[in-house]
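**Q** Here is what each chain is made of, one letter per residue.
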Amino acid sequence: MGAEFLKVEGLSKSFAVARGGPPLVVFDEVNFAIEKGEFVCIIGHSGCGKSTILNILAGLDEASGGVVIMDGREVAGPSLDRGVVFQGHALMPWLTARKNVEFAVRSRWPDARRATIDEICDRYLTMVGLAGAADKKPAELSGGMKQRVGIARAFSISPKMLLLDEPFGALDALTRGVIQDELLKICAATGQTVFMITHDVDEAILLADKIMLMSNGPGARIAEIVVNTLPRDRSRHTIHKDPQYYAIRNHLVDFLVSRSKVFTEQPPAGFDPLHPPLVTPGLPAAETRLALGAHR
Amino acid sequence: MSGFKNPYDPNIKLSSGCGCGGHSTQAEHDAAAESARFDSGSEALQSRVVESAVMRALFPQDELRRRFLRAVGAGTALSAISTFFPLGMAKEAFAQVGKLEKQSVKIGFIPITCATPIIMSLPMGFYSRQGLNVDVVKTAGWAVIRDKTLNKEYDAAHMLSPMPLAISLGAGSNPIPYVVPAIENINGQAITLSVKHKDKRDPKQWKGFKFAVPFDYSMHNYLLRYYLAEHGLDPDRDVQIRSVPPPEMVANLRADNIDGFLAPDPVNQRAVYDGVGFIHMLTKEMWEGHPCCAFAASKEFITNNPNTYRALLRAIVDATAFAAKPENRKQIAEAIAPANFLNQPVTVVEQVLTGSYADGLGNVLKVPNRIDFDPFPWNSFAVWIMTQMKRWGQIKGNIDYAKVAREVFLATDAAKMMKEAGLKPPATTSKKFSVMGKEFDPAKPDDYIASFAIKRA
Amino acid sequence: MQRSGRLAATLLSFVIFALFVAVWHVATLPTGGAPVADSEYSKLVGSAAASGQKSAMPSPKDVALKLWEHVKDPFFVRGTNDQGIGIQIAYSIGRVLLGFSLAALVAIPLGFVIGMSPLLYRAFDPFIQVLKPISPLAWMPLALFTIKDSATSSIFVIFICSLWPMLINTAFGVSAVRREWLNVARTLEVSPLRKAFLVVLPAAAPTIMTGMRISVGIAWLVIVAAEMLVGGTGIGYFVWNEWNNLSISNILCAILLIGLVGMLLDQILARLACAVSYPE
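These protein sequences, in sequence, are chains Z, E and H. The opening residue of the first sequence carries number 1 in our numbering; numbering runs sequentially from there. The opening residue of the second sequence carries number 1001 in our numbering; numbering runs sequentially from there. The opening residue of the third sequence carries number 2001 in our numbering; numbering runs sequentially from there.
Simulated from the structure, these hints should not be mistaken for laboratory data. Glycine included, C-beta positions come from ideal geometry on N, C-alpha and C. Misleading hints may appear alongside valid ones.
No more than 25 Å apart at the CA atoms, straight line, and that leaves these computed lysine-lysine pairs for DSS-like [unchecked claim]:
no.	chain 1	residue 1	chain 2	residue 2
1	E	K1198	H	K2148
2	Z	K36	Z	K241
3	H	K2148	E	K1102
4	E	K1106	H	K2072
5	E	K1299	H	K2148
6	E	K1330	H	K2043
7	E	K1366	H	K2043
FRET-style restraints, in silico, Cβ to Cβ [claimed, not checked]:
no.	chain 1	residue 1	chain 2	residue 2	range
8	Z	V17	H	A2123	42 to 50 Å
9	Z	H45	H	I2128	37 to 45 Å
10	H	M2263	Z	T126	55 to 63 Å
11	H	F2014	Z	G143	26 to 34 Å
12	H	Q2267	E	N1363	54 to 62 Å
13	E	V1367	H	Q2267	35 to 43 Å
14	H	L2019	Z	A170	31 to 39 Å
15	Z	G143	H	A2123	37 to 45 Å
16	E	K1099	H	P2109	48 to 56 Å
17	Z	V17	H	R2178	46 to 54 Å
18	H	P2074	E	K1099	35 to 43 Å
19	H	Q2267	E	K1207	24 to 32 Å
20	H	R2078	E	N1363	55 to 63 Å
A short list of chain H residues far from chain Z (calculated; beta carbon distances all over 12 Å) [what the hints assert, rightly or not]:
no.	residue
21	A2009
22	V2021
23	A2022
24	P2133
25	L2221
26	I2268
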């Protein structure tokens, strides 16, 4: 794969808590990179600053230190280059599904002709399977449908990168599965670069190429980056039959349940925040180096 | 009035005080006069005024003029007089003087019978007879009428006669020179008590009563205070006196919020009509011929619009003269009672104006001058009002009573108009009078104030 | 089920109304008193006083007849001070709409600016808090004194009383627009003007409409009082004029009509509010 598309260097965020007191450091020395076409998930407990990192990437929030460089340019403020799917669907309830998408399309191409805009809206609404419900207002749509509109909206502006902030958190398991499949399909088809926050280990394994594990805050760090060595044409129905699946899953769960707590205070020997270790729990130890080589 | 009669008509008396006296019914005459006026327009009207004046000058005795006209005929008389008296020129001169600076005039009034001359002049044609197009506008209260006049929304207004004095002196507002060219009415007020006090006719029994008057700067306030003080009650300590707009008075009496009021009519009569009060006494029993309300305007208005002012004053003086005649009162009552003006049952207004009224105790009384009309703004009235303002602490310091009275109560102007209207104005502008048997000498106001036992000054 | 429920409610409304009228009728039945024997005297006083009573509340029939009289001929002009009830109501509505529209023209843009800027919000807040609770009628003498025109003054009073609810609601509505919608706009690099009209305005519209609805209600309450104070024309003047005449029937008619017009104004704005509201 190509060179580093997005590079995050020494990112930190801190808040002044009390006057004169030491600031609260949410996370510190966060370094990672995303390649073009890569799907990256970030997993961590609440309060570790995942959403803040995403907001900084989106340009909605400012870092206390460090830089984000995308496509060779430093990120300063929001941009149409990065589409965001928000945690709540963030649809404008006074607009129909189509109008919500249209709002984004018009923002992207203010001078486009009506027909062009309609065509783009149709394309993305069809892509998320909502062609039939295009003229309904968000209140008339189910939670899953709303989130699909949000995804269509984010895709419709053809961003260089897509940022998803725990997009399926509020959906029931069945709906979530269906949309995950769709997202996987769309990303495979469009080669979209994605950065996504999730709490759901299975979701991460299904969708992501790399899974970044964040230790608990305050002073959170990226503890390690898990490379998903499952074949890319995986699907929700067959994934659990792959032997790698449980290895990866156990590794993630183990981190979330036990290691994430102690990591911040007692980082393992040799831990270098500039280069968080890449791990491949899905592969037998012997194959690890090989796999790593392939990914690098 | 007589100025508008055809002076060449031998059947008309010109020199009578008010020409109307010579007619079988006034209504007939007025209707005829009004239609004639509309037909001939104001120019013809003015010609007639001039011709009248000339004829009057030539034949001071009416009988002589009539005989002359009968002998030679109206046409001959006119041409004969024209030959030796330049009638055309005289007419022109009058027309020039009479050119109105402002033809459309707005006058504010409070719906009480004190406003009779101001109101009746509209339906009965006194304004239009002067070539004026007047709109009389009903107004909610004294403070509003003051503000609207100060704002120049109204050109002139119906005010309580102490108000222009208070405005000119700057009591309760910024001092603005105001004038009273004519008094609207004399007498016409009464003390009304709640029916539950039927047996308490002696003011000494009134300790603790709550009274209402229409405004702080009103004859009502001063007369009630005077009356109470003469009976040994301190109006500030022994009773409560509140300022209540006339429309609210009967409602408050009904609701037992007040025990009585000294109010303008028709409020008193309305309390009787509605069975909530009885008339304890008419104010004329305290002071026969006391002034009440005034026709007022700002000094600015009369200076900038001298002819309009004169025409207005003439209309008011004429109307006042007409209203002074008891035989006209019934007709006036019908003209001013409708919703557009007083908005009261005709019988209530009629009882006030004719003086045959129910007193609320089962008696029908006949007091023909219960309300009367005399436009002359006696300067001594103004002085008396100021002594009371001072007595009750509304104004402080030294006042040049005579000067303020002269500047605000325009007795000379009124005298001139009265003369023109054929009335006999008094020779002086000040007179002595007595209030509840106590003589008032306008030359010694401070001694008068000092003579009261109960006072705030 | 729903239909029959509505029918029952309507029926119950009628029963309540009938009951109210019946109680009113019974309460205003004339009671026996000692009639005044003197016929000359009784001619001079009202019918109640003639039968030895205070004048009573009018009966429902009196009021109904009076109302019919007004409704039959609402637009007569018999003089400056005596015009039909329809004309008076039209004057009042005209004043309310004028003052209210002027207030909306000021309050909504100003509220928008204040709502968008936390700094201005805090800077304006003390003034709004002090000015808001002032009874609009308290402005009347000041308005008469400075504006020097009673018609403009009453419109000013309407203006000032409708201003605050709209200003406060607009500022609040604008400042409370959900962050995520603003974030959507930010990530889409929407221009400030486009954001104001396409995101903030529709988002805050229901709150703004609520403010407008409160305002028009207050304006209608105040116009009656203002017209009673200043006089001249309008339904408030009508009430005052009939109070002057102690005509309770006329006042009751006016009260009924004031209520109906107030309801109508409220309903119109409720419809508008419905049109801009959105379920979430």
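**Q** What are the numbers of the hints that this structure violates, sorted from low to high?
**A** 1, 2, 4, 8, 10, 11, 13, 14, 17, 19, 20
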